[in-house]
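Student: Protein chains in written order, with our numbering: chain F, 1 to 348; chain S, 1 to 112; chain U, 1 to 557; chain H, 1 to 253.
Keep in mind the hints are simulated off the structure, nothing from the lab. Model, not experiment: these values are computed from the prediction. One or more hints might be untrue.
Think about it this way: if two alpha-carbon atoms lie no more than 25 angstroms apart in a straight line, the pair counts; the simulated SDA-like pairs of lysine to any residue are [unchecked claim]:
| no. | chain 1 | residue 1 | chain 2 | residue 2 |
| --- | --- | --- | --- | --- |
| 1 | H | Lys131 | S | Leu58 |
| 2 | H | Lys109 | S | Glu18 |
| 3 | H | Lys131 | U | Thr239 |
| 4 | F | Lys124 | U | Lys124 |
| 5 | F | Lys119 | U | Lys124 |
| 6 | U | Lys124 | H | Ile81 |
| 7 | S | Lys83 | H | Gly214 |
| 8 | H | Lys131 | S | Glu18 |
| 9 | F | Lys13 | U | Thr71 |
Covered by chain H, per the in silico footprint, the following chain F stretches (three or more residues, Cβ under 8 angstroms) [said to hold, decoys possible]:
| no. | stretch |
| --- | --- |
| 10 | 83-91 |
| 11 | 124-136 |
Ideal Cβ placement from N, Cα and C applies to all residues, glycine included.
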Amino acid sequence: MHISPVLWEFLVKWLTNSALFPAEASTIAPWADALYFFLLLITIVGLTLVGTLVFGFAIRYRKERNPVATQIEGSTLLEATWTIIPLALFLICFVWGALLYFRIYNPPPNAMNIYVVGKQWMWKAEHPGGQHEINTLHVPVGQPIQLTMISQDVFHSFSIPDFRIKREVIPGRYSTVWFEATTPGTYHIFCTQYCGTKHSGMIGEVTVLTPEDYKKWTEGSTSGMSLAQNGERLFASMGCNACHSGNSAARGPSLAGVYGSKLTLTNGSQVLVNEAYLRDAILNPSQHITAGYAPIMPTYQGQISEEGLIDLVEYLKSLKTNYRVQQTLTTSESNNQSAPATPEVVKP
Amino acid sequence: MSSQHHDPANVTNPEHAEHHIVGPKTYAIIFITLLTFTGITVAAAFVNLGILNPIVALAIASTKAVIVILFFMHVYYQSKLVKMTVAAGFFTFLILITMTLTDYISRAWGLW
Amino acid sequence: MSATSSTIVSLPDQKTATLPKKNYINAEDGLMSWLTTGDHKRIAMLYLISITFFFLIGGIFAGLIRLELLTPQPDLVASDTYNKLFSMHGIVMVFLFLVPSVPATVGNFLIPIMIGAKDLAFPKINLLSWYLYLAGAGFILAAMILGGVDTGWTFTTPFSTHFSNTHVVTAGLGVFIAGFSSIFTGLNFIVTIHRMRAPGMTWFRMPLFVWSNYAASILMVLGTPVLAITLVLVVLERTIHIGVFDPTLGGDPLLFQHLFWFYSHPAVYIMILPGMGVISEVMSTFSRKRVFGYTAVAFSSVAIALFGFFVWAHHMFIMGVSNYSALVFSLLTMLVAVPSAIKVFNWAFTMQKGSITFETPMLYALAFIGLFTIGGLTGVFLGSLGMDIHLTETYFIVAHFHYVMVGGMLMAFLGGVHFWWPKMVGRMYPESLSKLSAVITFVGFNLTFMPQFILGYLGMPRRYHSYPAEYQVMNVLSTAGATVLGIGFLLPLIYLAWSLKYGAIAGNNPWQATGLEWQIQSPPLTENFVETPIVTQEAYDYEWLAHKTEQEVTTVG
Amino acid sequence: MDNTIVATHESHAEEHHHHASLPQHRHHFETEEQQREAGTFGMWLFLLTEIMFFGGLFFAYLLYRNWYNPAFVAASNQLSIPLGTVNTAVLITSGFFMALAVWAAEVRKKGMLVLMLVLTTVFGLGFLGVKYFEYKEKWEKHHIPGANFDISEFVNPPLNPKTGKPTEEPLAPDMAQKTQVFFSLYFAMTGMHALHMIIGIGLLFWYTARAQRGDFSSGYVAPIENFALYWHFVDIVWIFLFPLLYLINRHPV
């Protein structure tokens, strides 16, 4: 058969460029693939077994060979066998899957945190150093990265198939996922939760760099201010420092070193202060009143963007002493510009 | 042609119960009981029982509901089948509540 | 009937045979007699026509989707159109085809006959449920014609309530109404099976088809109302912003997911269980053998229905449910896989020591077993927590549920229609053509959906209008398969229609099957039985059948 | 398995096919008893769907009540307990008359049956009347969820003229916003309940007319009986709604 060389060349190129198996580019990937191959093995064995039985019986007992059927009621022993063996296999799948799940959703303590904001139809990444990226994500190789993600509008889902990770990005709540890239290169980022017209355009690329390249990239693309520095500005301009000044007479609790601590709330419950708690306490303060304080903080719902919230959260995480808070307080008071555009503070 | 092959085996079974007429006297007693319980539940709401308040209110409501189901709705006199059906309904309702709560309750347990 | 022939089909002498003079089709004349009928068989035929119509519509959508995905670029339709295509494909196929497919057609036709009743318990409600189906379908059609819906069949909030600017309310109401149609069908079945069995028809003498429909009916009755209230809340949220699902007002969008999947996961079993019933009937008949482990198969249906209510959150593993509850739901998901495994092995062993022939329904049944095994086992991938993270929301899950729904349910539906067609219309279809179409369907199906498993593991997300170029080869294969599959689905439509007039007269029992439905004329009388049958034999008692036939021969001869 | 082979009469039946008459009205039930029990069972299954239908709402209520307890308490205090109590009593009375109607049908007293059905309807309408005034008050106070929803009353409760103190614990604005969730659920739940009542009252008119015609006074009571099941179910829903919505937190502050 004659195939035109042009077509042949096209076909060869087309087929070699097509993928059959995703790259293993994170520390999770081999673990996920191991489970995948185990499950695949079960499937193939199961299918072969059923296939052999069905075809075997179909040939052996077809009407030409076996004109009269022998009636069999059933066999408790056999039935117990194919109840217990699948059950055992499925339970192994459950345990194995659960272990992998913990691995993927439990970030190691030394992970570097990057914020991701999803909105119709783009991904915005914010690095702690203040680098902003849209639909791209630069990460160093060999360093655990935790993504703290939130959506501004609908459900999205952040997926990097080559890393075997994925997590829903939810409006109104932080969700996290982590990975550690092993091979430099670029990989797909997909939004996998249907999110509207340009759902299939909500894609990006994660670029894994060597530590040196990453350092170069960070320096080359910084906007000059880190997230925490932006947050500090916001903290002052929104007048947060007026109450959270760290003074003993202040109307709000001191926020220095609050991140990572255990707080007792007015309703007596103990909470661990993490990113999600900080964000929620800014938006729904009345549900997060530290014991000993009055519920007077106004809500900032609708007055601050998700990016602003991230800046504030990052700032509060970095806040170890109240020295600079008080400095900014005196500056802003002397400038007499502390009136934030917030609603009337409720009378106690 | 309707009942010539009527087989008693199909009616004397747990799915069947003799029909029972409940009289006005029973209904009146039930009616008074229900009104009394309504009074009690309102009164109980004005007593501070702390966490017990909603529990008492729900317990009284459930009692009332059970009384209505058993007597006004005749389940007490019905076949096992109907009793099972009613139970199945509430059972599924409980599944909906408890299984969904496994999520909401345990969300606060840990970081992930 | 010679013992060495390779078929069990025995038709009456075509020269003398005629259709019975009186039957449910010609009992009354005129369109109105059909539209006001209380006869479960006529309603089943009305359903069959309507769901076939909507299957075609859904199929056209599927074809357009596959055509668009032939190339990586978004070139055939605009993104919005593409989103509407897959949404309408899902809504039509799930709510207007799969949910009513076997129960409302084959089930409606056969359940009363199988248990020896003259009709369903509530004929008027049965008719009402068809009208509700039509009304729901009307709303969905209206939404389509007015410009479509683009939320996917899952109506995910807050997209459906605040962001989509398409006809969500109309489509939601349509699904709501269609849901009541399925509630009433289920209710009717349960009451009928409990209260209308013929004398001697004990629970363990019922055909397994009745058991599986009974289990599915329980799910319909208890699950569907939760979907109904969820859709009501979505409509309220969309129209007057009540805030129950809106995070900016304090609502929890995940609550929608919980309530939606509380119905929609059991709905998967509503779709597959009746299909499993068909397979039990067919496997037994063409193996000339009682179903292996009748009790286990019967109880596994009920177990699936029961466990089906406990596993819904496995659709939400990565959606931000608490990871502790993800553990619970994953474990329960593994448990629900076991009854399905039991069924598959029991069907396989039904063939052991049988006397097997390979008529069309049997081919569909064998295809079902293979495809359902793949569909079921890939379900274990998705139930396994860590694997689910990578596979969910990709083409893997698309392939998985198409293996279960199309490879499983649709094969069972086609098998059931071919199996009972002679009973429904009294005529046979051309056997060689139908065998050919069964093979074409099987090949086309695998070609369409097997590549999607690979695409899924590569990470290609579902509901994508355009995709990276390296995924093209598999997509081309898939589209090619869809073409073959389309032919496989169109052929039966043609030859079944042909058979209505020209098919061979089937006689009462062309397959030599044991069910009560095969002991009466085909097509049956309006009241099914002249006298109420008294059942003394177990289901699938071929010796009883042989004896009975012998007796008849001697009586007549 | 007992493989005794028994010839049934179906084989004979087939021979009789052509002589069989096809009655227009199909008695597909073997006995009246069977028909009646099937009806009751069917009605109960329908009520199961109703349980699950309200179940979704009850779960939403349970969740948000726990999340936003202060808002739910404050918003619930806006409802009138006297009206709620009266309405509960009215509905129970209506149910009582419905139960008596079933009895009247069973003992075949036509006049009594009609009277009881009318009383059931009257009390049912009474319930809806009270509900109307409650809804109207919410409308006037801008407590209907939506664009016009007003939280000022929860943030700055009106002062008690005697003591000069707020009549209610004031809520922080973010919590006060959540009262809207309460009112959404309040209207969804009581609205669904009222819708069921309206459907029920519509049916009651029809049944009263039929009862007047004498349809149910000759032993055929199934429709009345099944409708009573529906009506009592609507009662039960209210029995739960009343404490959940009206009596969340009424103990003296």
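Student: Decide, hint by hint, whether the structure agrees.
Tutor: To see whether the hints hold, each was checked on the structure:
1. H:Lys131 - S:Leu58: Status holds; Cα separation ~22 angstroms.
2. H:Lys109 - S:Glu18: Since the Cα atoms of H:Lys109 and S:Glu18 sit roughly 22 angstroms apart, the hinted pair holds (cutoff 25 angstroms).
3. H:Lys131 - U:Thr239: Roughly 23 angstroms between the alpha carbons, so the hint for H:Lys131 and U:Thr239 holds.
4. F:Lys124 - U:Lys124: 58 angstroms, violated
5. F:Lys119 - U:Lys124: Violated, because 51 angstroms separates the two Cα atoms, which is more than 25 angstroms.
6. U:Lys124 - H:Ile81: 44 angstroms, violated
7. S:Lys83 - H:Gly214: Distance of about 32 angstroms is beyond 25 angstroms: violated.
8. H:Lys131 - S:Glu18: Distance ~40 angstroms between H:Lys131 and S:Glu18 Cα, so the pair is violated.
9. F:Lys13 - U:Thr71: Roughly 16 angstroms between the alpha carbons, so the hint for F:Lys13 and U:Thr71 holds.
10. 83-91: violated (count 0)
11. 124-136: violated (count 0)
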